[in-house]
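Protein chains in written order, with my numbering: chain Z, 514 to 892; chain B, 5 to 324; chain R, 116 to 366.
Simulated from the structure, these hints should not be mistaken for lab results. It cannot be assumed that every hint is accurate.
Below, computed lysine-lysine pairings styled on BS3-like, alpha-carbon distance capped at 30 Å [what the hints assert, rightly or not]:
hint : chain 1 : residue 1 : chain 2 : residue 2
1    : B       : K319      : R       : K258
2    : Z       : K776      : B       : K319
3    : B       : K198      : R       : K314
Here are a few chain Z residues that face chain R, going by a calculated C-beta distance under 8 Å [claimed, not checked]:
hint : residue
4    : D522
5    : K524
6    : L529
7    : S532
8    : V562
9    : M749
Glycine residues also receive a C-beta, built at the ideal position from the N, C-alpha and C atoms.
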Amino acid sequence: MIQFELSDDQKQIQALARSFVRDNVIPVAAQHDREETYPATVVEAAHAVGLLNVSVPESVGGLGLSMLDEALIGEEFGYGCMGIYTILMASELGIMPLLLAATQEQQERFLGPLVEGPRLAAFALSEPNNGSDAGGLRTRAVFDGDEIVISGTKTWISNGGLADFNVVFASFEPALKHKGTVAVVVEKDRPGLSTNKLHGKLGQRASPTYEMFFDDVRVPVSNMLGEKGDGFKIAMRTLDKTRIPVAAGAVGVLRRALDESRKYANEREAFGRTIAQFQAIQFKLANMKIALETARLQTWYAAWLADTGRPHAEAAAIAKAYASDSAFDAAQEAINVFGGYGYMNEYPVEKLMRDVKLNQIFEGTNEIQRVVIARHVLQ
Amino acid sequence: MILIVTTASGGTLPKSARELVSVARELASGAQVAAAVVGPEAAAAEMANYVPQVYALTSDALQPLRAEALTAAVQQVAAAAGANTVIMAANRLGQSVAPRVAVRLNAALLEDVIQVSGTAGAYEAVRYSYLSRVTETVRTVGGDATVITVKPNVFAVAEPQPGGAVTAHAPQLDASASRVSVGQRSAASGGRVKLEEASVVVAGGRGLGSADAFTALVEPMADVLNAGVASTRAVVDAGWRPYAEQVGQTGKSVAPELYIALGISGAVQHLSGMNRSKVIVAVNKDADAPIFRIVDYGIVGDVAQVAPALTAALKEAKGS
Amino acid sequence: MKLITVLKQVPDAEARIRAGAAGVDLDGVTFVIDGMDEYGVEEAIRLREAGNEVEIVALALGPARYEEAIRTALALGADRAVHIETDVDLDPISQARVLAQVVQQEGADMVLVGGKQADWDSAALGPALAEVLGWPHSDWTTKLELAAGSVTVEHDTDDGHESLSMPLPAVITTQQGLNEPRYPTLPNIMKAKRKELAKRALDEFGAGAGLTQITSQQIQTRERLGKVIEGDAASAAAELVRLLQSEAKVL
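Work out the full structure, taking the sequences as your base and the hints as a guide.
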């Protein structure tokens, strides 16, 4: 039997996220986008109602929400502002390696504090010369007694300079490639760690993105997740899950593109009638709707697979690639519906396109998603 | 027998009382109409120009007026008059007293009606629901009597039919009628025409920018038009204006000849309180504001400039 | 003391309402706890936060879908809930007779109920409940203070507002201005599922078929001219006045 109904809890989570976004995110989204500023008050408010770091397990004081719950929240935030959602999403991304590989002691030490205040986690994988090729890491981890010494540079790290901790992926033995990598939790205040906020992003400008410099940063070996050699595996298993919220955020953008287009089409008149009466516009709306329904279904399906412990890498890749590609198309078509106004930042649709462009790129480009999917197809 | 219940707090009959007379006459079709008038003798005498039988409720026990005391009094007058139908205005007092009376008389309640027909035991009424977005027809299917509240400013004001008799009625009230003690009272906007009775309403919203701007832009226009002043919930929430001026789901419901909305975006909760106005005018800088979907005339522009210009133009038109 | 907050679940104010031959069609509409009732829930929570020993019971009469609104009230801070589950559309007077029985069984000290329902546009439930119970009542309440055995309120009247004080038990109808309702937090939403939600059947209360019946419903439409007047402030104002005089004839 297939059950498509959300549980009462999930409906409540969705309703809460929806009203939160309506009251706290939408009114400030354009301003943070324009000024490229960090929405501290939104993050504080999200923490106050419990929408921040929702995946932290109950055993360390969190809510332990499922991936489907996260997808519901992601769609609502994506509807309001994909950039602001990336702050929350990237924090969950920083938490995920600990859910997969941390000991109870590590979870208590690192995740416990995340529920006590508006605090963030981050995930530091990408490097200046190395994006999706996680096996070719240049950041080095040298084991020195009971310490690990990290050196190198990471970039495109969402939340990196703000987060309480980053999960840093580094190589202790480049010759071993994937098997020579580790995942290490590096707290914000470790000597030798410095960060630089990147400016000039096309979209998602409310989300702070960092370069991070590790200049012989020492952390205890007890900060390592799993075993020596687990780094790559932890990173891949993390991304197999966290692509689902990326998809969910894109679904939100898609829904917004459709809503804004529908509203505008019903109001704007040309040739003596509303443009909604023209088939050229109707087809655009219909295509957005087709994409919305299918993208959401695939996202929820991937989340359900992940929540029920089934293989989900392929489904998550499909969801991420399809939702972000079709959200980009929808945002782009929304600009066409708005005509010249769509090109102006006074109207909300050009931001949708700029923002969701990033969903096609981060957490594995959509080309990489297709590599993953093809691998499953050919298996 | 149809019993009209009205108060005359200012000493004279409110406009709604004569609207109730119209409703009662329409429903009576030969049956008797009586009225209970709470207030001074003079108001009861005035009512005798409209209905054949008037019960004057002049008792001090009804001042200040409390819902429970009025409920008891209405029940007694209804019994004395042999009324099977009680009608009241759907103002705040009526909305609170009518349900109580309905419970006491084991009556069906028709609330806030804009049309009503039929005879006792089988009335059919038209009213609004879903924040005034739906018009529905409701009929009574049970109860020993019917209590009806009538939406103000919908029915025509009745013409006099002098010659009615006035009977004094002293209600027998038990302790429960006075257990609510009334402290400080404050009346709304002094001097200005009552919002519910105004034929022109000038309303201001958050788009005016500040309490001072509200005063500076709305009040002069209301003065020129002898209009009531109304506010949106956002304005009241911000503390710019008193609740008594609020129009919408949580405030008053008005249907004047002319409603001028200044700096109001038009949330559905506000629209539900004014969307039956005969002519709606809006001034707002946002061309996409929902208010423009229900206007007869709209000006897209800065209200700080348009409102004074409009006030001046209205003044000139009124003067000529 | 025991507080009962009466809840309705209504279409979201922003939801688009449709009507068919069978009346209003609520299929696919988003439902929310009636905003007017939410003020009552919030006020009850605030009375507890102010240090009063209170038990808050959410009470609702309506179809199965109401459970969501009830869960919201539990997530906001109600301790437990009673749901009289029925698909019968009872009129407010008949509803009051049913709800009053639960209020009496619970031995409540105060009932909080929204001032006007966003679906039926009815303001009758609060006063009718007070009458069935034989309790005093404050309508359109904007401020509430508890004292020993009594409550002092401010409420709106037709002419302005006034303060009232009345002995408990009492019925308070709530409205905007009383407080600013909070969100349910996610942790409280999760905890709410462990709170008691008792189901009762309408048959238990001897309710009849009701006193009124809705026979038809249509979406209210009114043709509007929808004219947008162009020009600078002075010329637009002059044109508007001309139209009000010569076309609309309302000046």
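Structure-based check of each hint:
no., hint, verdict
1, K319(B) with K258(R), "40 Å, violated"
2, K776(Z) with K319(B), "38 Å, violated"
3, K198(B) with K314(R), "47 Å, violated"
4, D522, "6 Å, holds"
5, K524, "6 Å, holds"
6, L529, "6 Å, holds"
7, S532, "7 Å, holds"
8, V562, "5 Å, holds"
9, M749, "29 Å, violated"
Consistency note: the structure conflicts with the earlier hints numbered 1, 2, 3 and 9.
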